[in-house]
Amino acid sequence: MAKWRWLEQITDHEQLVRLKVIENVPLFAGLSRRQLGKLLVKFFEKEYRPGETIFTEGEPGKALFIVLTGSVLICRALHEGEENLATLGAGSYFGELALIDDQPRFASARATEASLLLILYRSDFEDLMEGQRTLAIQVMANLLKTLAGYVRRAQSQRNGRNSGSAALTSTADKPGMPSETVSRD
Amino acid sequence: MIEGEPEKITGRFDRSNSPGLMPPSSVVWILALALMVLIVYVSRGLVLLLLVSVTLAYFLNPLVKIAEGAMIKRKVAVAVIYLGIGVGFLVTAYFVFPRLRAEVNTLSGNLPFFSQRFDEAVDAIQSEIVTNYPAADGWFAPREARYEKLNNFIEEQVADLPGLVSHLASVVVAGVLIPFFSYFFLRDSRRIVKFVLDRLPASHIETSVAVWCEIDRTVGRYLRGLAIEGIMVGVSAALGLTILGINYPLLLGVVTGLANVVPYLGPIIGGSAAVLVTLVQFKSLSVVAQVVVLYLCLKLLDVVAIQPLVVGRGNNLHPVLLIASIIVGESALGIVGMIIAVPTITMLQKIASLLLERRRYFFAPAPDSRLNNNVSAQTYVC
Chain H
1 MAKWRWLEQI TDHEQLVRLK VIENVPLFAG LSRRQLGKLL VKFFEKEYRP
51 GETIFTEGEP GKALFIVLTG SVLICRALHE GEENLATLGA GSYFGELALI
101 DDQPRFASAR ATEASLLLIL YRSDFEDLME GQRTLAIQVM ANLLKTLAGY
151 VRRAQSQRNG RNSGSAALTS TADKPGMPSE TVSRD
Chain R
186 MIEGEPEKIT GRFDRSNSPG LMPPSSVVWI LALALMVLIV YVSRGLVLLL
236 LVSVTLAYFL NPLVKIAEGA MIKRKVAVAV IYLGIGVGFL VTAYFVFPRL
286 RAEVNTLSGN LPFFSQRFDE AVDAIQSEIV TNYPAADGWF APREARYEKL
336 NNFIEEQVAD LPGLVSHLAS VVVAGVLIPF FSYFFLRDSR RIVKFVLDRL
386 PASHIETSVA VWCEIDRTVG RYLRGLAIEG IMVGVSAALG LTILGINYPL
436 LLGVVTGLAN VVPYLGPIIG GSAAVLVTLV QFKSLSVVAQ VVVLYLCLKL
486 LDVVAIQPLV VGRGNNLHPV LLIASIIVGE SALGIVGMII AVPTITMLQK
536 IASLLLERRR YFFAPAPDSR LNNNVSAQTY VC
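Line by line, the protein sequences give chains H and R.
Residues 1 to 185 (our numbering) are what the first sequence spells out, left to right.
Residues 186 to 567 (our numbering) are what the second sequence spells out, left to right.
Bound-form chain H, shown alone:
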C-alpha cells in the first residue's frame, strides 16, 4: 500500500491526463504506453480564447493539433463569407498533413470556445521517428489510413455514389473526428 502511495506522489497527473487523450487519438492507435510517453514530451500546450484563429487557410502547415479541452471550428473562406466544414471536440485532431509536408493549409481553424490544444511540430515528430522505427511505422500506417479515408470520400463524392449530405455527415472513416460534433452549414 505504501508503495502505491509513493508512486502516486511521484506521478505527474497532468501528464497522465494528456496521455489518456492522445491514447484515444486514432493517429496514435496501436502505440505502446512507453511510445506514447516518448511522443507526449514532444507536444507543446497552448490555450486559445474563444474566436481565436489557430491557423489560416493558405499558410504553410508545420504542426499537428490535438484538442485537449474545448472545441475548434474548421472552415474555408469563400468569395462571400465562409463555409464551416466541421466542429471538433476534445480528443480530436487536425492539421495532420503538416506531419508529411509543409504545403499550405486547405482550411482554417478557429477556437469556438476557450480551448486547450496540444501542438506537435513536424521536425520534433521526425526527430522522434528517426530513433523509433516501430513507432514510425505504426504512425505512418495510421496516417495512411487517414489519407485513404480522405481519398475514398473524395472519390465517392466525385462518382456520385453517395448523396452530398451523407458524405459529409458520415465521419466513420475520418479518424479523430467524433461524428456527433461534425456539422456543416
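Any given hint could turn out to be false.
Using 30 Å as the maximum straight-line C-alpha spacing, the simulated DSS-like pairs for lysine-lysine come out as follows [what the hints assert, rightly or not]:
| no. | chain 1 | residue 1 | chain 2 | residue 2 |
| --- | --- | --- | --- | --- |
| 1 | R | K379 | R | K250 |
| 2 | H | K20 | R | K250 |
| 3 | H | K38 | R | K258 |
Quick caveat, the hints were computed from the structure, so don't treat them as lab data.
Start from chain H and add chain R according to the hints.
For chain R alone, kept in the frame of chain H given last:
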C-alpha cells in the same frame, strides 16, 4: 475584438490587415532579435552566467524528458538527476581527482625549471636539425635572444596572476550560481515555454513553435554533441599520450577535451600543450612528430567518426560565415562567444529561413482550386 466574438478568418490573399512590404510578424521578429542582441551586449556578464546555466540545463534535459515520458513529475526527475550528479561528482573526485591533482602538483613543482628545460629542449632539437641538415643553421635566432623572449613571456604571464586570482572569486560564485540557475531552468522550462506561447499571437503560433523547435533542436544537439565529442576526444588523447609515454597524460587529456569545444582553434591549443610537454620531456623531434601524428589522427577520428555520430548532420554553414561568426563571438563574449557562435549563427539562419518561407507563402499566387467552390466541399482535411 470582443471576447467570444469569432474573428473573421481571411485567406492568404486578403492582405487588408498587413499593409507594407513585410508581414507584421517578420517586423516583430526582427525587432525582437535586435532587442535581444542589444540586451545580450549590455548585460553580457549576467548573460554569460545564464548561458552557461542554460547549457547545463540542455545537457540534462533529455534525461528529464525520459522521466516525463514515464509520467514522473518533472521536479522529482530534476531532483533525482541533481542527486545523481552530486554522487557522480563525489565518485569521480574519489577515483580520478587524486591522480589529476598529483599531475597538477608535479607540473607546478616543475614550473620554476620549465624555462630552463624548455631552452635545453629547443637547443637539443636545433642541434638535431643542424646535424641532419647543416644548411638550416642560419634559420634559428641566437640563444640569448630566444632566452630573453621566453623570459619576457613568462614575466608577462606572472604579472597577470593577481588579476587571475581576483577572477577566482567570481569563478567560485559562478560555480554556485550556475547549478542553481540551471536547476530552475530545467524544472520550469516547460512552464516558461507555455507562458511564452500563451502570450504569443495565436495566428503566428505555428511559426513561433517552429522557431522554438529549431532553436531547441539546433542548440541542444550542438551543445550535447560538443560535450560528448569533448569527452571522447579527451579520453582518446589521454590514452594515446599514455601509450606514447608522455608526462601528465590525464591533465593533457582534460586540456585537449576542454579546448576541443572551441571550433578550429581548440585542437591546435590541445595539440600545442601536448607538443610543449613532449618537447621538454624528450628533447627529441621524433617523439614530437609522434604526438603531432597522434593529434592529427584524433582530429581525423573526430571529423570522420565522432562528429557525425554525436553532432549529427552538419550545420551547412559556409566556412567563411562560420569563421566570421567565431571571430565576432570571440570579440563579443571571449571563449564562450567562440563556443556559442556556431549554434547561434545556425539558429539565426534557420529562423530567417522559416520567416522567409512564411513570407513566401503569404505572397504566393492564388491556386485555381481556391477559386473553385465545387472542390471546397469535398473534405475538411487541413
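Comparing the hints with the structure gives:
With a C-alpha separation of about 16 Å, the suggested pairing of K379 (chain R) with K250 (chain R) holds against the 30 Å cut-off. Under the criterion of a C-alpha separation no larger than 30 Å, the hint pairing K20 (chain H) with K250 (chain R) is consistent with the structure, at around 18 Å. Between K38 (chain H) and K258 (chain R), the direct Cα distance comes to roughly 15 Å. Compliance with the 30 Å bound is thereby established for this hinted pair.
When held up to the earlier numbered hints, the structure conflicts with none and fits them all.
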